[in-house]
Amino acid sequence: MSMLSERAYEEMQTQILELTKALSATREHLTRIKEEKDSLQSVHEDYKRHYDKLKVECNEITKKYLDSVAERKTLEASYEAQMNHLRNMLEQRQKILDEQQSKALTPMDTDLLRAKITRDIQAPLKQKIDEQRNENDKL
208 MSMLSERAYE EMQTQILELT KALSATREHL TRIKEEKDSL QSVHEDYKRH YDKLKVECNE
268 ITKKYLDSVA ERKTLEASYE AQMNHLRNML EQRQKILDEQ QSKALTPMDT DLLRAKITRD
328 IQAPLKQKID EQRNENDKL
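Add 207 to the 1-based position in the sequence shown for the working numbering, that's all there is to it.
Rather than coming from a laboratory, the hints here were simulated on the basis of the structure. Keep in mind that this is a model prediction, so the values were computed, not measured. Treat the hints with care, as some may be off.
Ranges of calculated distance between the beta carbons of each label pair, as one might list FRET restraints [unchecked claim]: (1) 272 x 232: 21 to 31 Å; (2) 293 x 320: 16 to 26 Å; (3) 253 x 289: 45 to 55 Å; (4) 278 x 322: 31 to 41 Å; (5) 278 x 240: 21 to 31 Å; (6) 307 x 344: 50 to 60 Å; (7) 319 x 288: 52 to 62 Å; (8) 285 x 262: 32 to 42 Å; (9) 325 x 289: 35 to 45 Å; (10) 293 x 344: 11 to 21 Å.
The list that follows gives simulated cross-link-like pairs (lysine-lysine, DSS-like), each with its CA atoms no further than 27 Å apart [claimed, not checked]: (11) 270 x 260; (12) 241 x 262; (13) 345 x 335; (14) 280 x 241; (15) 241 x 228.
Glycine residues also receive a C-beta, built at the ideal position from the N, C-alpha and C atoms.
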């Protein structure tokens, strides 16, 4: 029986050695897994901070865009109002011209009057249109 017990003892030692190796390998594996988890968690936090920063920047840019759109609409409305005013002025001047023509002016007088009125109307109109275009181009 002592032979049997020596054999059983050796088998148990072999099993203990194998279990110790398996336990050591498992510890190493768990250590690698923990390191990988910590690394992934760090990367995740970096991405989260970057995402939050981009989100804030996006909100700021969106606000600037909306402000620009509102300002553009205001400028367009102002431009349209000025254009309507200038059209009305042009129509009034055209009526004056038509009345003057109906008073039987000579063709030469009519041409001179038309040229003068056209110059008087076109100069400020052209200036205002150029100013509006420059303002719109800036936007």
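Status of the hints after comparison with the structure:
1. 272 x 232: 21 to 31 Å: violated, 58 Å
2. 293 x 320: 16 to 26 Å: Holds, since residue 293 and residue 320 (Cβ atoms, about 20 Å apart) stay within the stated range.
3. 253 x 289: 45 to 55 Å: Hint holds: Cβ distance 53 Å, inside 45 to 55 Å.
4. 278 x 322: 31 to 41 Å: holds, 39 Å
5. 278 x 240: 21 to 31 Å: violated, 56 Å
6. 307 x 344: 50 to 60 Å: Between residue 307 and residue 344, where Cβ atoms are some 38 Å apart, the hint is violated.
7. 319 x 288: 52 to 62 Å: With a Cβ separation near 33 Å, residue 319 and residue 288 fall outside 52 to 62 Å, so the hint is violated.
8. 285 x 262: 32 to 42 Å: holds, 35 Å
9. 325 x 289: 35 to 45 Å: violated, 19 Å
10. 293 x 344: 11 to 21 Å: The hint (11 to 21 Å, Cβ to Cβ) holds, given that residue 293 and residue 344 are roughly 20 Å apart.
11. 270 x 260: Holds, because 16 Å separates the two Cα atoms, which is no more than 27 Å.
12. 241 x 262: Status violated; Cα separation ~31 Å.
13. 345 x 335: holds, 15 Å
14. 280 x 241: violated, 58 Å
15. 241 x 228: holds, 20 Å
Of the numbered hints listed earlier, those contradicted by the structure are 1, 5, 6, 7, 9, 12 and 14.
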